[in-house]
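2 protein chains.
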Amino acid sequence: MDQNSFMKKAFALAKKGRGSTGLNPMVGAVLIKDNKVIGKGFHKEFGGPHAEVVAIADAESRGNDVTSSTLVTSLEPCCHKGKKTPPCTDLIIEKKIKKVIYGSIDQNPKVKGRGIADLRRHRIETVFLDYEKENRLLNRGFLKVVAKNRPFVTLKICMTLDGMIFNKVSGSPNIGDEEQLTHSNKLRAEFDAILVGVETIIKDNPRLTYRGAKSSTEIQLRPVVLDSNLRTPLDSKVVKLRNNPIIFTKLSQDSSRAKKLIDLGCTVITMQDLSPKKVLRKLLDNNLATILVEGGAKIFSSFLESNIFDELIVYYVNSFMGNSGLGATNSLSKEFNKLKDRNCTIKKMGNSTVMVFN
Amino acid sequence: MDQNSFMKKAFALAKKGRGSTGLNPMVGAVLIKDNKVIGKGFHKEFGGPHAEVVAIADAESRGNDVTSSTLVTSLEPCCHKGKKTPPCTDLIIEKKIKKVIYGSIDQNPKVKGRGIADLRRHRIETVFLDYEKENRLLNRGFLKVVAKNRPFVTLKICMTLDGMIFNKVSGSPNIGDEEQLTHSNKLRAEFDAILVGVETIIKDNPRLTYRGAKSSTEIQLRPVVLDSNLRTPLDSKVVKLRNNPIIFTKLSQDSSRAKKLIDLGCTVITMQDLSPKKVLRKLLDNNLATILVEGGAKIFSSFLESNIFDELIVYYVNSFMGNSGLGATNSLSKEFNKLKDRNCTIKKMGNSTVMVFN
Chain A
124 MDQNSFMKKA FALAKKGRGS TGLNPMVGAV LIKDNKVIGK GFHKEFGGPH
174 AEVVAIADAE SRGNDVTSST LVTSLEPCCH KGKKTPPCTD LIIEKKIKKV
224 IYGSIDQNPK VKGRGIADLR RHRIETVFLD YEKENRLLNR GFLKVVAKNR
274 PFVTLKICMT LDGMIFNKVS GSPNIGDEEQ LTHSNKLRAE FDAILVGVET
324 IIKDNPRLTY RGAKSSTEIQ LRPVVLDSNL RTPLDSKVVK LRNNPIIFTK
374 LSQDSSRAKK LIDLGCTVIT MQDLSPKKVL RKLLDNNLAT ILVEGGAKIF
424 SSFLESNIFD ELIVYYVNSF MGNSGLGATN SLSKEFNKLK DRNCTIKKMG
474 NSTVMVFN
Chain B
124 MDQNSFMKKA FALAKKGRGS TGLNPMVGAV LIKDNKVIGK GFHKEFGGPH
174 AEVVAIADAE SRGNDVTSST LVTSLEPCCH KGKKTPPCTD LIIEKKIKKV
224 IYGSIDQNPK VKGRGIADLR RHRIETVFLD YEKENRLLNR GFLKVVAKNR
274 PFVTLKICMT LDGMIFNKVS GSPNIGDEEQ LTHSNKLRAE FDAILVGVET
324 IIKDNPRLTY RGAKSSTEIQ LRPVVLDSNL RTPLDSKVVK LRNNPIIFTK
374 LSQDSSRAKK LIDLGCTVIT MQDLSPKKVL RKLLDNNLAT ILVEGGAKIF
424 SSFLESNIFD ELIVYYVNSF MGNSGLGATN SLSKEFNKLK DRNCTIKKMG
474 NSTVMVFN
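Read top to bottom, the protein sequences are chains A and B. Position 196 of the first sequence, counted from 1, bears residue number 319 in my numbering, the numbering being contiguous throughout. Position 31 of the second sequence, counted from 1, bears residue number 154 in my numbering, the numbering being contiguous throughout.
Don't take each hint at face value.
The list cannot tell twin chains apart, which means a pair is met if one copy fits it or any two copies do.
[Said to hold, decoys possible] Cut-off 27 Å, straight-line C-alpha distance, at most; resulting in silico cross-link-like pairs (DSSO-like, lysine-lysine): (1) Lys-221 <-> Lys-383; (2) Lys-279 <-> Lys-461; (3) Lys-218 <-> Lys-405; (4) Lys-421 <-> Lys-457; (5) Lys-383 <-> Lys-279; (6) Lys-470 <-> Lys-360; (7) Lys-471 <-> Lys-457; (8) Lys-291 <-> Lys-463; (9) Lys-156 <-> Lys-309; (10) Lys-291 <-> Lys-461; (11) Lys-279 <-> Lys-463; (12) Lys-471 <-> Lys-279.
If you're looking for bench data, these hints aren't it; they were derived computationally from the structure. Remember, it's a predicted structure, so these values are computed and weren't measured experimentally.
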């Protein structure tokens, strides 16, 4: 295996921390000796040991001597004190690791190259293998929180060519074909939470899970429902799956309806203002850093109107539905044309076209 | 100038016949001597002289000797008798033209290579410069009539990303920005007629002309309005411009309303069935071979439902309108997904995306 393969392994490990690293970045690391992986680790939970520490411990627990091994890590090792865990560089030096290959610089001003400098001072060979782009994508939630103090938000809409998102006549929840659905489902794996309106829960009864990965437990998607009047059905899939859905409502948490939902494992948050801004603020408080907004029309409209989103993904499937369809938007106080300020890429995908604005 | 430049000139000339060659193909020709154009011509009207004949006459009328000149023509010269005009090959041979450069083969089974063979037999040098693609585009109306006995039909829709074609609140007729409007206007130059519903006439009051060409008289766009109850306003632009608009109605031509429109230069056609099939049949009877359907929702829906169209051009402008917009479609008896059988190309265009299905 070459450096890139090991780095990709580190990134794959990093992703396992999704949903539990809180507002920390996701990081993964592997230890290599004789071109073989002798230990691996990822940053599992906020306040817990860093990926490098986990990888070293993992190697040793398997009876491997880590002396003179190579550490491949998705992010520059930390070197600063005064936090929950000691500096990773200290352990790397102590354990006589020979070489450190890192994929990105830690943008935390307390580190930012100092970790690497520290290692060099101790004659540890360092190699920068440029995976900055991959790291920016992986940790876009973390980076957005650092930069803007709110989660990273993606709006995802799947429509017919005439802008319909749901067939009122057939009641079919899916507009897209299999290829679109697969693509759209895969997308979910990159988010901490999926946000929908209660109408979507009532009409589509979606699971809001990421399907397809073999070890689905690795992906901790948190369902979020905006539901002013607590109409989320007690037997809806999102409740029954017990993924601890967050339900935002204007009703009191003491209402009998709220109590029932809480008994069923839901987190009920009462707020009088369910605007995107307020909701996102609360999601950040809940350590959710990347939010995928999946509709329906009311939710899209309010997010578009607020212009608080980082990415808009529109799938157009090659069909027309006419007025048996439900439109993608409802009220917008005026035409939303701020997309002109965003970059747009378009791509054909089987019987669909995907437009991405960011 | 090189061969290609001359051929392009021939095609530019051919286009001048748009709207008047009836169901004949458009053809253009230039005569070259000493690398200079000494004569030019195009097929001007059904039954009139062919482009080659016009070019020779044009050269001679300017005092040029056409002996030993080169003829560049967009289409193979005809060689068959028993039609309104004598074979062009006879004249070419008689006039001692030295060389014929042709851009496409005449698909008429009475010609189809025989014109060229005829010239060769008389020791005239022939060169095939492949402009078949250009000819297929230019004469797609003629070719569609030959193949399917109906005009070539393009549907053109400009929408916001949520499928709105008109702003009900502002009443603004244009969804697109300048770049889209320019593109869309340019498109009109390639059609014999523009078809719209009466709602579009009432709401947008469009001119339905091709604007932008310096000699706009060259482009003979015929406005066609589907108007069951003859609601076309007498002072609408389409009536006032006196381009002999065709108005399809279910009302009698003897009604006072119809009489007024006829007095104002309109052609009123009464039919009880205004389905795309019947309307196109009638347009063919009126020698209109390429039809651009521009909406609105009712017209789009009926053409989609009938699936009688050869090309669908959708412009998506990068904005959302919400429910102050009027949707691109209204009733469709069921979801129209036959686009899956068509080829789709997508292209970014400034602040819009263009999808073309054909």
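How the hints compare with the structure:
1. Lys-221 <-> Lys-383: neither (57 Å within a copy, 95 Å between copies)
2. Lys-279 <-> Lys-461: both (17 Å within a copy, 25 Å between copies)
3. Lys-218 <-> Lys-405: Classified as neither: same-chain Cα gap 42 Å, cross-chain 88 Å, threshold 27 Å.
4. Lys-421 <-> Lys-457: both (15 Å within a copy, 25 Å between copies)
5. Lys-383 <-> Lys-279: neither (31 Å within a copy, 53 Å between copies)
6. Lys-470 <-> Lys-360: neither (33 Å within a copy, 40 Å between copies)
7. Lys-471 <-> Lys-457: between (30 Å within a copy, 25 Å between copies)
8. Lys-291 <-> Lys-463: Result: close only across copies, 22 Å inter versus 32 Å intra.
9. Lys-156 <-> Lys-309: Neither way: Lys-156 and Lys-309 sit 34 Å apart in one copy and 66 Å across, limit 27 Å.
10. Lys-291 <-> Lys-461: Answer is between: at 20 Å across copies they meet the 27 Å cutoff, but 30 Å inside does not.
11. Lys-279 <-> Lys-463: Cα proximity of Lys-279 and Lys-463: in one copy and across copies (18 Å, 22 Å).
12. Lys-471 <-> Lys-279: Answer is both: 16 Å inside a copy and 20 Å across each meet the 27 Å cutoff.
Hints 1, 3, 5, 6 and 9, counting from the list given before, are not met by this structure.
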